[in-house]
Amino acid sequence: MRFEVAVMRFSDFSAADVTRPHPNPQNNLAFFRLRFLTGLQYRAAALAGVATQFAWGFMEIKVFLAFHRTNPAAFPMTLGQLSSYLWLQQAFLAFFMAWLMEGELFDCIGGGGVAYELCRPINLYDMWFARSAATRLSAGLLRCFPILIVAAFLPEPYRMHAPADPVTALLFLLTMVLGLLVTVAVCMIVYMLTFFTISPLGLRLLFSMAAEFFQGAVIPLPFFPRPIQAVMELSPFAAMQNVPLRVYSGNLAGHALLRAVALQLFWIFALVMLGKWLNALAIKKTTVQGG
Amino acid sequence: MNSKNDMNTPSRHKVSALRLYGHYLSIHLRSVMQYKASFLMTAFGQFLVSFNMFLGIYFMFDRFGSVEGFSYSEVLLCFSVMLTEYSLGECIARGFDTFDGMVRRGEFDRVLTRPRHEILQVLGHKIELSRFGKLAQAIVMFAYGVTHSGVTWNAGRMLTVFLMLLGGTALFCGIFLIYAVLCFYTLEGLEFMNILTDGAREYGKYPISIYGKRMMQFCTFIIPYALVQYYPLLYLIGRSDNFLYGLLPLLALLFLIPCYLLWKVGVRHYRSTGS
Amino acid sequence: MIVMKNICKTYKVAKRNAGFKEAARSFFRREYENVQALDHISFTVQDGETVGYIGPNGAGKSTTIKILSGILTPDSGECLVDGRTPWKNRIDHVAQIGVVFGQRSQLWWDVPVIDSFELLRDIYSVPHAAYRDNLDELTELLDLGELLRTPARQLSLGQRMRCELAASLLHSPKILFLDEPTIGLDAVSKIAVREFIVKRNQTHNTTVLLTTHDMQDIEAITKRIILIGKGRLLLDGSLEDIRRGGEDIDKTVAELYRSYEI
Numbered sequence: 001m002r003f004e005v006a007v008m009r010f011s012d013f014s015a016a017d018v019t020r021p022h023p024n025p026q027n028n029l030a031f032f033r034l035r036f037l038t039g040l041q042y043r044a045a046a047l048a049g050v051a052t053q054f055a056w057g058f059m060e061i062k063v064f065l066a067f068h069r070t071n072p073a074a075f076p077m078t079l080g081q082l083s084s085y086l087w088l089q090q091a092f093l094a095f096f097m098a099w100l101m102e103g104e105l106f107d108c109i110g111g112g113g114v115a116y117e118l119c120r121p122i123n124l125y126d127m128w129f130a131r132s133a134a135t136r137l138s139a140g141l142l143r144c145f146p147i148l149i150v151a152a153f154l155p156e157p158y159r160m161h162a163p164a165d166p167v168t169a170l171l172f173l174l175t176m177v178l179g180l181l182v183t184v185a186v187c188m189i190v191y192m193l194t195f196f197t198i199s200p201l202g203l204r205l206l207f208s209m210a211a212e213f214f215q216g217a218v219i220p221l222p223f224f225p226r227p228i229q230a231v232m233e234l235s236p237f238a239a240m241q242n243v244p245l246r247v248y249s250g251n252l253a254g255h256a257l258l259r260a261v262a263l264q265l266f267w268i269f270a271l272v273m274l275g276k277w278l279n280a281l282a283i284k285k286t287t288v289q290g291g
Numbered sequence: 001m002n003s004k005n006d007m008n009t010p011s012r013h014k015v016s017a018l019r020l021y022g023h024y025l026s027i028h029l030r031s032v033m034q035y036k037a038s039f040l041m042t043a044f045g046q047f048l049v050s051f052n053m054f055l056g057i058y059f060m061f062d063r064f065g066s067v068e069g070f071s072y073s074e075v076l077l078c079f080s081v082m083l084t085e086y087s088l089g090e091c092i093a094r095g096f097d098t099f100d101g102m103v104r105r106g107e108f109d110r111v112l113t114r115p116r117h118e119i120l121q122v123l124g125h126k127i128e129l130s131r132f133g134k135l136a137q138a139i140v141m142f143a144y145g146v147t148h149s150g151v152t153w154n155a156g157r158m159l160t161v162f163l164m165l166l167g168g169t170a171l172f173c174g175i176f177l178i179y180a181v182l183c184f185y186t187l188e189g190l191e192f193m194n195i196l197t198d199g200a201r202e203y204g205k206y207p208i209s210i211y212g213k214r215m216m217q218f219c220t221f222i223i224p225y226a227l228v229q230y231y232p233l234l235y236l237i238g239r240s241d242n243f244l245y246g247l248l249p250l251l252a253l254l255f256l257i258p259c260y261l262l263w264k265v266g267v268r269h270y271r272s273t274g275s
Numbered sequence: 001m002i003v004m005k006n007i008c009k010t011y012k013v014a015k016r017n018a019g020f021k022e023a024a025r026s027f028f029r030r031e032y033e034n035v036q037a038l039d040h041i042s043f044t045v046q047d048g049e050t051v052g053y054i055g056p057n058g059a060g061k062s063t064t065i066k067i068l069s070g071i072l073t074p075d076s077g078e079c080l081v082d083g084r085t086p087w088k089n090r091i092d093h094v095a096q097i098g099v100v101f102g103q104r105s106q107l108w109w110d111v112p113v114i115d116s117f118e119l120l121r122d123i124y125s126v127p128h129a130a131y132r133d134n135l136d137e138l139t140e141l142l143d144l145g146e147l148l149r150t151p152a153r154q155l156s157l158g159q160r161m162r163c164e165l166a167a168s169l170l171h172s173p174k175i176l177f178l179d180e181p182t183i184g185l186d187a188v189s190k191i192a193v194r195e196f197i198v199k200r201n202q203t204h205n206t207t208v209l210l211t212t213h214d215m216q217d218i219e220a221i222t223k224r225i226i227l228i229g230k231g232r233l234l235l236d237g238s239l240e241d242i243r244r245g246g247e248d249i250d251k252t253v254a255e256l257y258r259s260y261e262i
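Protein chains in written order, with my numbering: chain A, 1 to 291; chain B, 1 to 275; chain C, 1 to 262.
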């Protein structure tokens with residue numbers, strides 16, 4: 001479990017937030033540009049982040065290699081598939097890690113600043129959704145390329161391979177976007193539940209742990225025993241990184257792939273609906289109690 | 001001039017460092033008691049935090065049986081000892097681990113205006129009691145690991161486990177201290193230090209030998225993780241009869257010396273730049 | 001007695017410019033510039049004096065306070081506070097001084113103020129009897145009564161500043177450094193703080209050095225003014241010296257800033 005790393009990276013983000021003026025909800029593009037700019041200014045943080053993730057990825061592969069040496073027959077993926085999976089996981093950490101939530105939003109809810117947000121003529125859920133997505137997208141894009149480029153030139157078995165064909169690449173991009181949306185939708189549920197809880201930290205911990213475990217961040221889902229894997233794949237968390245990372249290397253294809261995409265779509269729909277419903281409840285609660 | 005209050009005589013009795021630390025601890029305790037429910041939730045969350053790691057190990061061994069000649073119960077012992085060392089280190093040295101915030105908010109200036117050693121003040125400044133939830137989890141794992149390890153316990157092996165905990169905790173404290181020293185120079189990009197703290201806890205769950213020869217060398221001579229993990233583990237599980245292996249964790253204590261010297265240099269730098 | 005002699009201090013500051021292009025460029029190369037915070041500053045403060053240390057933002061006021069309170073080491077120059085060099089033997093030095101940073105609290109946020117005080121008692125190793133006497137006196141003068149049992153987070157800014165003052169005096173320092181002690185306070189609290197500082201100076205002969213932007217602080221508390229700008233000492237005199245420029249002290253000071261081009 002890497003919650004500690006999470007907190008570090010998280011504080012990284014709030015540091016970058018200090019210089020950021022309030023987002024104009026009408027112009028998410030400008031907001032995104034600003035995010036990207038602040039991100040760029042924290043160059044050392046970005047470089048160190050890349051180096052750190054690189055080291056994590058390397059160690060992670062070494063663990064699996066050791067198990068592979070011990071009992072190659074029991075290995076459920078090819079080594080190439082595994083390396084690709086792990087590098088993509090590191091490169092797009094910011095897309096899928098549930099613990100990467102926005103401290104400002106928690107402060108806003110806890111500190112009663114949400115009353116101001118409610119005064120604006122916009123939908124709170126939509127704004128926060130866009131904001132979370134923008135944060136993840138910019139953080140992920142800033143960090144992914146160096147990792148991917150270096151990983152592509154490593155010696156075997158560490159090397160990251162290109163996708164088998166253009167269709168796979170396209171499917172990867174599609175499931176990636178869907179996975180990102182599921183991640184944001186899951187986090188929105190946590191923000192909304194924060195309205196009803198006294199301890200956002202405890203809630204966040206529990207959610208993050210479940211998300212990490214079920215989306216195959218501890219060990220990829222194919223390493224679990226079949227029946228357990230089958231159940232895990234139904235969870236909304238498995239619709240996050242599990243799908244695109246396995247699509248990329250061809251570990252998930254054909255009928256199973258179709259089912260996974262359908263599940264992704266279902267979870268986006270269900271989680272957004274649930275989130276909006278909770279949002280309405282939360283607003284009612286806030287207006288009735290006066291914060 | 002009011003002479004009654006004039007008590008700046010140098011001979012007055014100094015409150016001991018331990019008592020002062022106890023006082024800090026009691027302040028933190030009283031602070032969290034203001035938010036009992038929230039504190040318990042967070043501590044509970046911390047209690048569960050390392051559970052994923054355990055599940056990961058469990059399912060990997062469920063599939064593969066062993067790794068590089070180490071059995072499930074042996075790895076479990078290794079993992080639980082490392083986790084306990086890390087958690088202890090974190091409980092003690094959380095002030096260093098969050099030192100970037102202290103520098104950023106200028107709170108270290110305040111530390112410097114007080115007549116006690118800076119390290120004592122920094123340690124006392126931040127004692128995150130909810131982390132004891134994590135320590136509790138580590139202790140549960142430790143008890144499970146020790147009882148399921150299949151080790152025949154004798155005095156020497158019990159001493160070795162104790163020394164592992166001592167040396168490992170000191171090692172983690174030392175690395176947190178280095179992190180704090182770096183905060184004097186830059187507040188950006190310190191994320192890479194996670195490799196040495198969280199990384200060590202995460203990947204120290206398996207005996208270091210599985211990562212290859214170069215990693216062993218690094219963890220023996222540069223950051224001496226192997227001295228508190230691999231070598232004493234060999235002695236514990238009977239892979240080696242050399243009792244010296246069981247005493248190696250003591251050597252890891254020496255790591256604190258360069259860390260402390262670095263701290264001195266860092267403080268001097270801070271006091272000459274003020275940032 | 002405080003003696004400052006030719007104290008100099010330079011900082012290295014990273015340039016950071018606005019704009020996308022600039023941000024991209026600084027990603028690869030960062031430029032620094034040197035800022036002379038203090039340029040041969042010399043002055044002497046006698047025991048029991050109250051001195052107002054004024055100047056525009058960034059003039060070097062806080063740097064001076066930091067040097068005097070042992071936080072910063074200057075590049076060159078000599079400084080003696082009651083015979084001690086602040087940046088050597090830090091612990092011996094800071095045991096004898098009190099420091100208040102107006103913008104930062106030294107109280108523990110979530111516990112009653114009295115708990116913070118008791119911790120300070122242990123940090124400064126104040127004997128229990130002396131602590132009790134001090135606390136009684138400060139409680140009465142600052143009207144702390146109820147506040148002592150209140151967590152710091154529930155205090156108003158003015159209430160908090162009164163507690164901060166008490167916290168800095170529990171160990172009976174002979175010298176008190178105040179960095180913008182009235183910033184953000186309402187009129188009533190400002191007056192309470194000023195009256196207390198004056199009284200403390202009279203009853204304990206405490207030397208007071210305070211920085212402020214509020215000229216009324218200066219009028220109420222200090223007999224002497226030191227004006228600095230861009231790191232240089234521009235004027236060291238009495239309130240009357242400044243008054244010569246006209247009755248409105250704010251205007252006069254603004255005029256002075258202009259004339260020195262700071």
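Bear in mind the hints are in silico, worked out from the structure with no lab data behind them. Watch out, some of these pointers could steer you wrong.
Said to hold, decoys possible - Label-pair distances were calculated between CB atoms; the ranges are:
1. C:219 with A:141: 36 to 42 Å
2. A:141 with C:153: 38 to 44 Å
3. B:155 with A:225: 38 to 44 Å
4. C:103 with B:13: 30 to 36 Å
5. B:63 with A:156: 19 to 25 Å
6. C:85 with B:185: 58 to 64 Å
7. C:139 with A:103: 27 to 33 Å
8. A:265 with B:268: 45 to 51 Å
9. C:82 with B:250: 43 to 49 Å
10. C:82 with B:185: 49 to 55 Å
Unchecked claim - Computed list of lysine-lysine pairs in BS3-like fashion (alpha-carbon distance at most 25 Å, straight line):
11. B:14 with C:223
12. C:199 with C:230
13. C:251 with C:223
14. C:174 with C:251
15. C:174 with C:190
16. B:213 with B:14
17. B:126 with B:14
18. B:264 with C:88
19. B:126 with B:213
20. C:174 with C:88
21. C:5 with B:14
22. C:174 with C:5
23. C:251 with B:264
24. C:12 with C:223
25. B:126 with B:36
26. C:230 with C:174
27. B:36 with A:285
28. A:62 with B:14
Here a beta-carbon is modelled for each residue, glycine too, at the ideal position from N, C-alpha and C.
Against the structure, the hints come out as follows:
1. Against the hinted window of 36 to 42 Å, the Cβ-Cβ separation of residue 219 of chain C and residue 141 of chain A comes to about 58 Å, which falls outside the hint.
2. Range check, residue 141 of chain A to residue 153 of chain C: about 40 Å between beta-carbon atoms, so the 38 to 44 Å window is met.
3. A beta carbon spacing of about 41 Å between residue 155 of chain B and residue 225 of chain A agrees with the range 38 to 44 Å that was offered as a hint.
4. The hinted window of 30 to 36 Å between residue 103 of chain C and residue 13 of chain B holds, with their beta carbons roughly 34 Å apart.
5. Take residue 63 of chain B and residue 156 of chain A: their Cβ atoms lie about 23 Å apart, and the range 19 to 25 Å holds.
6. For residue 85 of chain C paired with residue 185 of chain B, a C-beta distance near 25 Å fails the hint of 58 to 64 Å.
7. Take residue 139 of chain C and residue 103 of chain A: their Cβ atoms lie about 38 Å apart, and the range 27 to 33 Å is violated.
8. Checked against the given bound of 45 to 51 Å, the beta carbons of residue 265 of chain A and residue 268 of chain B, roughly 60 Å apart, lie outside it.
9. For the pair residue 82 of chain C and residue 250 of chain B, the beta carbons lie near 46 Å from each other, so the given range of 43 to 49 Å is met.
10. Judged by the Cβ atoms, the range 49 to 55 Å given for residue 82 of chain C and residue 185 of chain B is violated: they are separated by roughly 33 Å.
11. For the hint pairing residue 14 of chain B with residue 223 of chain C, the CA-to-CA distance comes to about 37 Å; that exceeds 25 Å, so the pair is violated.
12. Between residue 199 of chain C and residue 230 of chain C the CA atoms are separated by roughly 33 Å; this puts the pair beyond 25 Å, and the hint is violated.
13. For the suggested pair residue 251 of chain C and residue 223 of chain C, the alpha carbons sit about 19 Å apart, so the restraint of at most 25 Å is met.
14. A threshold of 25 Å between alpha carbons decides the hint, and for residue 174 of chain C with residue 251 of chain C the separation of about 34 Å lies outside it, so the pair is violated.
15. The suggested pairing of residue 174 of chain C with residue 190 of chain C holds, with an alpha-carbon distance near 23 Å, which does not exceed 25 Å.
16. Between the alpha carbons of residue 213 of chain B and residue 14 of chain B the distance comes to roughly 51 Å, so the proposed pair goes past 25 Å and is violated.
17. Only pairs whose Cα atoms come within 25 Å are accepted, and residue 126 of chain B paired with residue 14 of chain B is accepted, the gap being roughly 22 Å.
18. The hinted pair formed by residue 264 of chain B and residue 88 of chain C meets the criterion: a straight-line CA distance of about 14 Å does not exceed 25 Å.
19. Simply put, residue 126 of chain B and residue 213 of chain B have alpha-carbon atoms about 38 Å apart, too far for the 25 Å limit, and the pair is violated.
20. Restraint check for residue 174 of chain C and residue 88 of chain C: the C-alpha separation of about 19 Å stays at or below 25 Å, so the hint holds.
21. A threshold of 25 Å between alpha carbons decides the hint, and for residue 5 of chain C with residue 14 of chain B the separation of about 33 Å lies outside it, so the pair is violated.
22. The suggested pairing of residue 174 of chain C with residue 5 of chain C holds, with an alpha-carbon distance near 21 Å, which does not exceed 25 Å.
23. Proximity of residue 251 of chain C to residue 264 of chain B is assessed by CA-CA distance (about 47 Å); at most 25 Å being required, the pair is judged violated.
24. Note on residue 12 of chain C and residue 223 of chain C: the hinted pairing is violated, with a Cα-Cα distance of about 35 Å set against a maximum of 25 Å.
25. For a cut-off of 25 Å, the pair hint linking residue 126 of chain B to residue 36 of chain B stands: about 18 Å separates their Cα positions.
26. For the given pair, residue 230 of chain C sits about 30 Å from residue 174 of chain C by alpha-carbon distance, which is inconsistent with the 25 Å threshold.
27. Simply put, residue 36 of chain B and residue 285 of chain A have alpha-carbon atoms about 23 Å apart, close enough for the 25 Å limit, and the pair holds.
28. Proximity of residue 62 of chain A to residue 14 of chain B is assessed by CA-CA distance (about 53 Å); at most 25 Å being required, the pair is judged violated.
Checked against the numbered hints given earlier, the structure breaks hints 1, 6, 7, 8, 10, 11, 12, 14, 16, 19, 21, 23, 24, 26, 28 and satisfies all the rest.
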